[in-house]
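Whole structure, please, built from the sequences with the hints as guidance.
The sequence shown stops at residue 469 when you use my numbering, and every number in between is there.
One should not assume that every hint holds.
[Claimed, not checked] No farther apart than 20 Å at their CA atoms in a straight line, the calculated lysine to any residue pairs in the SDA-like style are these:
#1 K177 / G34
#2 K200 / D213
#3 K426 / A175
#4 K325 / A175
#5 K325 / I110
#6 K399 / G387
#7 K177 / E39
#8 K206 / R281
#9 K243 / P411
#10 K114 / Y169
If you are wondering where the hints come from, they were derived from the structure by calculation, not from laboratory data.
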Amino acid sequence: MPEFHHTDVLPLGPDDTDYRLLDLPPGRVVEAAGRTFLEIDPSTITALVRESVRDIQHMLRPSHLAQLRSIVDDPEASPNDRFVATDLLRNACVSAGGVLPMCQDTGTAIVVAKRTETVLTGGDDERAISRGVFEAYDELNLRYSQMAPTSFWDERNTGTNLPAQVELYTAPGQAPKYEFLVMAKGGGSANKTFLYQETKALLNPKKLAAFLDEKLRSLGTAACPPYHLAVVVGGMSAEYTLKVAKLASARYLDNLPAEGSELGHAFRDRDLEQQVLELTREFGIGAQFGGKYFCHDVRVIRLPRHGASLPVGIAVSCSADRQAKAKITPDGVFLEQLERDPAQFLPEATEGDLSDEVVHVDLNRPMADIRAQLSTLPVKTRVSLTGPLVVARDIAHAKIAERLEAGEPMPQYLRDHPVYYAGPAKTPEGYASGSFGPTTAGRMDSYVEQFQAAGGSLVMLAKATGRSR
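Quick look at the structure:
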């Protein structure tokens with residue numbers, strides 16, 4: 001008879017996170033049946049989640065900012081790499097002011113919560129967590145992105161950014177503790193999560209390298225590199241593989257063991273991580289078309305699997321690297337310490353240091369002249385645009401398509417001006433606009449052929465995928 005042995009599939013090591021203490025009541029300690037319990041009021045959970053969402057929308061981890069600075073200082077980095085890294089550091093300084101979030105797509109809120117059985121909350125934790133998300137998106141200058149289906153074909157924005165993705169788990173241990181991972185996942189990086197159903201044949205160094213070379217190149221730059229990349233090989237099910245990939249991209253699983261065992265727990269292969277990182281640096285894609293910094297770092301995790309299946313998951317965290325850990329214990333309510341002074345990572349650089357090979361494009365000219373100039377430029381060229389743009393994304397394109405299908409003409413403004421695929425977050429009082437940046441072109445690509453045939457969308461500004469240029 002075999003002996004029973006239990007192991008956590010994801011055995012995390014000690015938590016070395018740097019936390020700050022919040023001015024929130026942790027709850028009431030209760031002694032009963034020879035055990036110590038912590039009774040947490042749901043309002044504390046709500047307040048903690050609200051504060052977590054506020055922090056991750058405006059601040060980044062010091063380690064992430066240090067990686068951006070290292071790109072600026074790397075003599076092997078391309079001009080495009082250094083320009084992107086410097087611009088992201090400047091953006092972080094603006095965002096840290098607490099008014100404009102770091103990205104226009106303020107994401108789907110995802111909360112993973114684990115509590116020991118000695119934590120008492122009243123049971124409706126998902127509601128308390130969701131209320132914290134609601135309050136943050138209501139109070140801050142964020143964007144509501146969640147669409148509710150009113151029929152199979154029709155949908156409308158919920159106007160609250162709910163529902164959130166909330167996952168509740170129990171954790172082993174007698175000491176009262178409630179742990180959280182709070183994330184905001186934008187559509188661009190979420191859309192770069194992929195599952196591949198492979199076989200044991202992939203468990204070969206050469207075949208895995210060829211597989212990753214092909215699949216990682218296909219990620220492209222649409223999700224705003226440099227990426228924190230996660231590759232997960234194995235898994236008891238497809239959905240588990242993808243869940244682990246998401247957690248790994250947030251560096252939540254960094255303290256996994258470095259070796260496997262016959263018990264079947266997950267582990268990180270740090271040698272393979274370095275090999276995959278070097279592979280991405282050889283792509284030449286870089287932070288934006290040319291360079292070595294396609295990725296900041298790589299996590300490669302091996303999971304147990306069914307003998308007939310080998311799921312492989314790939315996920316990224318983008319330059320809006322938004323997540324934080326939090327916890328409630330009898331000692332207090334704690335939130336991961338994010339960087340409140342990102343200016344210390346800024347390089348001493350002038351515009352002249354960053355302006356090499358920039359091409360100026362005047363958008364006040366006729367469309368034919370604009371297209372003629374752009375057609376002469378290599379893909380990796382940085383351009384400086386001056387002049388009018390039309391702003392439109394998913395819903396606007398759908399409405400224009402309906403007009404064309406009804407026999408109406410293409411609007412003149414899309415004939416005369418480039419179209420900027422963007423959708424700003426809420427506009428703060430006294431500002432011209434909220435956080436404003438390009439969205440992924442792939443969602444509008446299906447309209448391009450129809451629009452161009454009607455004389456519109458001849459130049460597009462977006463995060464590059466497909467035919468957009």
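Hints violated by the structure (numbers, ascending): 3, 6 and 9
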